[in-house]
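**Student:** Residue numbers (our numbering), protein chains in the order written: chain P, 537 to 1082; chain W, 537 to 1082.
There may be inaccurate statements among the hints.
Which copy? The list can't say, so a pair holds if one copy fits it or any two copies do.
[Stated by the list, open to error] Dumping the calculated BS3-like pairs for lysine-lysine here, alpha-carbon to alpha-carbon at most 30 Å:
id	residue 1	residue 2
1	K812	K588
2	K599	K812
3	K934	K701
4	K1004	K550
5	K1003	K773
6	K1003	K731
7	K729	K1004
8	K733	K1004
9	K1003	K584
10	K1003	K733
11	K841	K955
12	K955	K879
13	K1004	K955
14	K773	K1004
15	K812	K955
16	K1004	K701
Quick caveat, the hints were computed from the structure, so don't treat them as lab data.
2 protein chains.
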Amino acid sequence: MADPTMDVPCRHLKLTNGDIIKLYETAGPFDKLRLNPQGYDVEQGIPKRREKWVAARRAAGDKTPTQMYYARQGIITEEMQFVAMRENMTAEFVRTELALGRAIIPANINHLELEPMIIGRNFLVKINANIGNSSLASSIEEEVEKMRWATKWGADTVMDLSTGKNIHATREHIIRNAPVPIGTVPIYQALEKVKGKAEDLNIDIFLETLVEQAEQGVDYFTIHAGVLLKYIPLTAKRITGIVSRGGSIMAKWCLAHHQENFLYTHFADICEVMKKYDVSFSLGDGLRPGSTADANDAAQFAELKTLGELTEIAWQHNVQTMIEGPGHVPMHLIQENMDLQLKICHEAPFYTLGPLVTDIAPGYDHITSAIGAAMIGSMGTAMLCYVTPKEHLGLPDKDDVKEGVITYKIAAHAADLAKNHPGARERDDALSKARFEFRWEDQFELSLDPDTARAYHDQTLPQDGMKKAHFCSMCGPHFCSMNLTHQVRALAQGGAGADDQSDSAAIAEVQAAALAQDDDAIAAGMAAKADEFKAKGSEIYVAQEN
Amino acid sequence: MADPTMDVPCRHLKLTNGDIIKLYETAGPFDKLRLNPQGYDVEQGIPKRREKWVAARRAAGDKTPTQMYYARQGIITEEMQFVAMRENMTAEFVRTELALGRAIIPANINHLELEPMIIGRNFLVKINANIGNSSLASSIEEEVEKMRWATKWGADTVMDLSTGKNIHATREHIIRNAPVPIGTVPIYQALEKVKGKAEDLNIDIFLETLVEQAEQGVDYFTIHAGVLLKYIPLTAKRITGIVSRGGSIMAKWCLAHHQENFLYTHFADICEVMKKYDVSFSLGDGLRPGSTADANDAAQFAELKTLGELTEIAWQHNVQTMIEGPGHVPMHLIQENMDLQLKICHEAPFYTLGPLVTDIAPGYDHITSAIGAAMIGSMGTAMLCYVTPKEHLGLPDKDDVKEGVITYKIAAHAADLAKNHPGARERDDALSKARFEFRWEDQFELSLDPDTARAYHDQTLPQDGMKKAHFCSMCGPHFCSMNLTHQVRALAQGGAGADDQSDSAAIAEVQAAALAQDDDAIAAGMAAKADEFKAKGSEIYVAQEN
Chain P
537 MADPTMDVPC RHLKLTNGDI IKLYETAGPF DKLRLNPQGY DVEQGIPKRR EKWVAARRAA
597 GDKTPTQMYY ARQGIITEEM QFVAMRENMT AEFVRTELAL GRAIIPANIN HLELEPMIIG
657 RNFLVKINAN IGNSSLASSI EEEVEKMRWA TKWGADTVMD LSTGKNIHAT REHIIRNAPV
717 PIGTVPIYQA LEKVKGKAED LNIDIFLETL VEQAEQGVDY FTIHAGVLLK YIPLTAKRIT
777 GIVSRGGSIM AKWCLAHHQE NFLYTHFADI CEVMKKYDVS FSLGDGLRPG STADANDAAQ
837 FAELKTLGEL TEIAWQHNVQ TMIEGPGHVP MHLIQENMDL QLKICHEAPF YTLGPLVTDI
897 APGYDHITSA IGAAMIGSMG TAMLCYVTPK EHLGLPDKDD VKEGVITYKI AAHAADLAKN
957 HPGARERDDA LSKARFEFRW EDQFELSLDP DTARAYHDQT LPQDGMKKAH FCSMCGPHFC
1017 SMNLTHQVRA LAQGGAGADD QSDSAAIAEV QAAALAQDDD AIAAGMAAKA DEFKAKGSEI
1077 YVAQEN
Chain W
537 MADPTMDVPC RHLKLTNGDI IKLYETAGPF DKLRLNPQGY DVEQGIPKRR EKWVAARRAA
597 GDKTPTQMYY ARQGIITEEM QFVAMRENMT AEFVRTELAL GRAIIPANIN HLELEPMIIG
657 RNFLVKINAN IGNSSLASSI EEEVEKMRWA TKWGADTVMD LSTGKNIHAT REHIIRNAPV
717 PIGTVPIYQA LEKVKGKAED LNIDIFLETL VEQAEQGVDY FTIHAGVLLK YIPLTAKRIT
777 GIVSRGGSIM AKWCLAHHQE NFLYTHFADI CEVMKKYDVS FSLGDGLRPG STADANDAAQ
837 FAELKTLGEL TEIAWQHNVQ TMIEGPGHVP MHLIQENMDL QLKICHEAPF YTLGPLVTDI
897 APGYDHITSA IGAAMIGSMG TAMLCYVTPK EHLGLPDKDD VKEGVITYKI AAHAADLAKN
957 HPGARERDDA LSKARFEFRW EDQFELSLDP DTARAYHDQT LPQDGMKKAH FCSMCGPHFC
1017 SMNLTHQVRA LAQGGAGADD QSDSAAIAEV QAAALAQDDD AIAAGMAAKA DEFKAKGSEI
1077 YVAQEN
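So that you can see chain P by itself, here it is in the shape it has in the complex (with noise of 0.2 Å):
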């Protein structure tokens, strides 16, 4: 395609047997910069792939540019065909899910970095990264590097939930070198704002806040409305309580008015902002449970009924949404969280964090949460919120990151393969040939994470030679069964026949008699060879002993 702003990313491995297998790419023109990091001016920001779409429409005067209304006018815009070529649908079908509110393209107007990607059921399952520091650690500089880290790994979005100092300015530095989407929960620096007293929050702080992020570019943003001044009681008799930031600030500041949650009552107000700027709700499940003892609750349900209702007046809007789940459930109780959201939000994309299937692994619940993180997905979640290792514990460092990301990048393409997802299988069939060749290096080439592959055969492995040996550390030259099977097919061949063609046939009629159970068959097809291997030395192959 001649129009290089149209150039989707996409990472084409060559392996060493010649094939070529492409690979979705997130981590944007950092991928190119990857050895030369240092070369990079973060002020700068990257290359704003955008610009041309969006300022014809601005040319246009179009009042409410965003990608549910042009899908509803049949419109297909170059963001549609951007993520149509990504996902290899067809551009109609792209439109088709987005005016339905069946996915969403989060991809503010002010965004022009952006390289647009789609969350929806009927597309790859995506996952989050959240990051951002707390009022205990970390800085601007931190938190980019931390983004980049994240899509290099294969972060899909990234949410910036800075609640520490330099809240604009860390967001500002995020979203010009952002490739992927940028949510935010704005009622954390709306408390800011009031100093930390939730019951000092109104509409008008909220909505200024939601302009200056909007302004900045904030694609997708999350909001508590759901959680109703009714729906708190519900909760009193929970082991944890509420669990979301944004929802136990809402609750505070419901109770400390006695009045019903300023979200709700003004959400036409919120919309109008959205609107204007495409930034796509992200519907906060501000009751969520936070034990597996409180999932699946009254509270929890309430909330999500209600989260139905506002995602219809977002749809009259034609603001772009999607609505947040749990949390912590277990596995038992997972089918019902996605039956129920597809019922009551219309088939809106789900978005969930996790869920954690037990509460006993502080330490690992990036790996509790990725159970139910697959199995969600593999029933429609769009996309995954990641868990890294310190949740519960603390602020999660690079490492973490790195480790969550990894973890829901298994837990999304598990779910892509159940679903049957068109060509989800590619890379895992690649990457099992390669392994069954002992192709050491496209092994580690076409894993998640080519550099602790790497790592860890090399630990008691570490020569170059054993790159190409037939066997690892794990069993030894002697009992590597992948090396034992190639001694297996090559003995059958020589039953078989010299004939490449003739041993096929031969092949396929043993196994047609096997599949047959017909013993006499199998007996006569088998056609006795022994002695004359047994004659050739039987050792096939010889260990590469060092």
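Given chain P, put chain W in place with the hints provided.
**Tutor:** Relative to chain P, chain W alone:
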């Protein structure tokens, strides 16, 4: 109980709020030696708890001293009583499950050090940790220490997969120090006896090896008797062929001789050895899929059918039996594995390796497999064989063993929760309460890995005072949702009145109204006292800044 041999291991965790939580314990006498492991003599072995139990049976001249035999005779053994107490079930229920073949108590009459445990889908889901040297790495001491280490973190059984030097001596040291059942794959040692030439194996060498290991006290043997000659061609078109070491050895033997697998043709002879020592079968899945592409194929299910036939033969000999399962299976194909296994193998316990739900994450296969393990565990698999981060890449070290065990404790416990297993929730709820009440030390101690949880927390907040702080560095003092919830509850209670009982009544009334979504009733129930709260200063909590 007066008899010290019936003193069932259990960790009584005393929490700072006075509660006592009882936790299932696998570490045996080592647990008491935790603080001084140097004071323990590995050469001496741990106490022989079962000495008198077994001696009585020998004195009685029992010819088939298997737990299945006794169970079918209506006899409740000490082992059954022991596991009944350990699992909070009746001994009669344990006996019935054993008699039906739905559960096994792997307990070789020569493993007198064993603390009996049970494997069956109506009991707690168990996990196995593999240890063992390969020809490339590790010593006897290291392997014994890995066994102690694995049981410290929660391994219910340990398989010694050694293939290198000193197989016999390594195994002897492991068994004499093992409070948990030890499993092996005898074909590995048999292969060493014929200098690694699979085609030189025969039933005599195999039976001799079985007797040697049974005499030492091995509790269960993985035997690949289902790899039939006629099934081998079914693996010809697989991406990863045969990935079980034992399976590939037997496949090579079958093809080299063009004869049926001698483990299959001599299965009755093998049963004769097993029943004499009460060694349990772990019928190996030599044709399990080694990639998601090969999952649920003709080879895998053909072998499963044979394992079902062998189960019936084993049961005719009163030999306890479980069935090994895959492997690599995408999520949507897992349920079929469980359904077929239960049906074909007459509800004999299933013992699966993962399964891994994607192939693209070498270095993280403890996670790819924990997803599948948790799922298949919730469906009825009785024991989960762990996978470490080094899977496919190298021999696991101590850190990998711990990571694998903790990850699988997560999967097994999540499965127990999903099955609504009696009492499984207690630990989750205790930890969640500790979390909500900022009892940090209790939260650490209740977690699967207290050391890691504490270390992660202390990374940013090492001061002693922070163990009582109402926040951590993840959100900082002003944004801790749990802290905010306490404020919300104080607000709600301030509104409802001073008396505790009337509080509860008022909350219940509001809750009922909210469930009914009756706005008027809620408004009445909420009896606004907002001004009063504001007058108090609104801030109940004062942050402990450092």
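**Student:** One pair to classify: K812 and K588, alpha carbons no more than 30 Å apart. Within, between, both, or neither?
**Tutor:** within (18 Å within a copy, 82 Å between copies)
**Student:** Measure nothing new, just compare the shortest in-copy and cross-copy C-alpha distances for K1004 and K550 to 30 Å and report within, between, both or neither.
**Tutor:** within (17 Å within a copy, 54 Å between copies)
**Student:** Please work out whether the CA atoms of K733 and K1004 approach to 30 Å or closer within one copy, between two copies, in both situations, or in neither?
**Tutor:** Between. Shortest inter-copy distance 23 Å satisfies the 30 Å Cα cut-off; intra-copy 63 Å does not.
**Student:** With 30 Å as the alpha-carbon cut-off, assign the pair K1003 and K773 to within, between, both or neither.
**Tutor:** between (58 Å within a copy, 25 Å between copies)
**Student:** Are the CA atoms of K773 and K1004 at most 30 Å apart within a copy, between copies, both, or neither?
**Tutor:** For K773 and K1004, the Cα distance is within 30 Å only across copies (23 Å; inside one copy 61 Å).
**Student:** Within, between, both or neither: how does the pair K1003, K733 come out at a Cα-Cα threshold of 30 Å?
**Tutor:** between (60 Å within a copy, 25 Å between copies)
**Student:** How would you label the pair K841, K955 (within, between, both, or neither) given a Cα cut-off of 30 Å?
**Tutor:** Answer is both; intra-copy 27 Å and inter-copy 28 Å each pass.
**Student:** Could you place K1003 and K731 in one of the four classes (within, between, both, neither) given a Cα distance threshold of 30 Å?
**Tutor:** This pair counts as between: shortest inter-copy Cα distance 26 Å, intra-copy 58 Å.
**Student:** Which holds for K1004 with K955 at a C-alpha limit of 30 Å: within a copy, between copies, both or neither?
**Tutor:** neither (35 Å within a copy, 46 Å between copies)
**Student:** What label fits K599 with K812 when the C-alpha limit is 30 Å: within, between, both, or neither?
**Tutor:** within (7 Å within a copy, 85 Å between copies)
**Student:** One pair to classify: K729 and K1004, alpha carbons no more than 30 Å apart. Within, between, both, or neither?
**Tutor:** Answer is between: at 29 Å across copies they meet the 30 Å cutoff, but 61 Å inside does not.
**Student:** Between K934 and K701, at a C-alpha cutoff of 30 Å, which is it: within one copy, between copies, both, or neither?
**Tutor:** within (20 Å within a copy, 42 Å between copies)
In summary, the numbered hints that this structure violates are 9, 13, 15.
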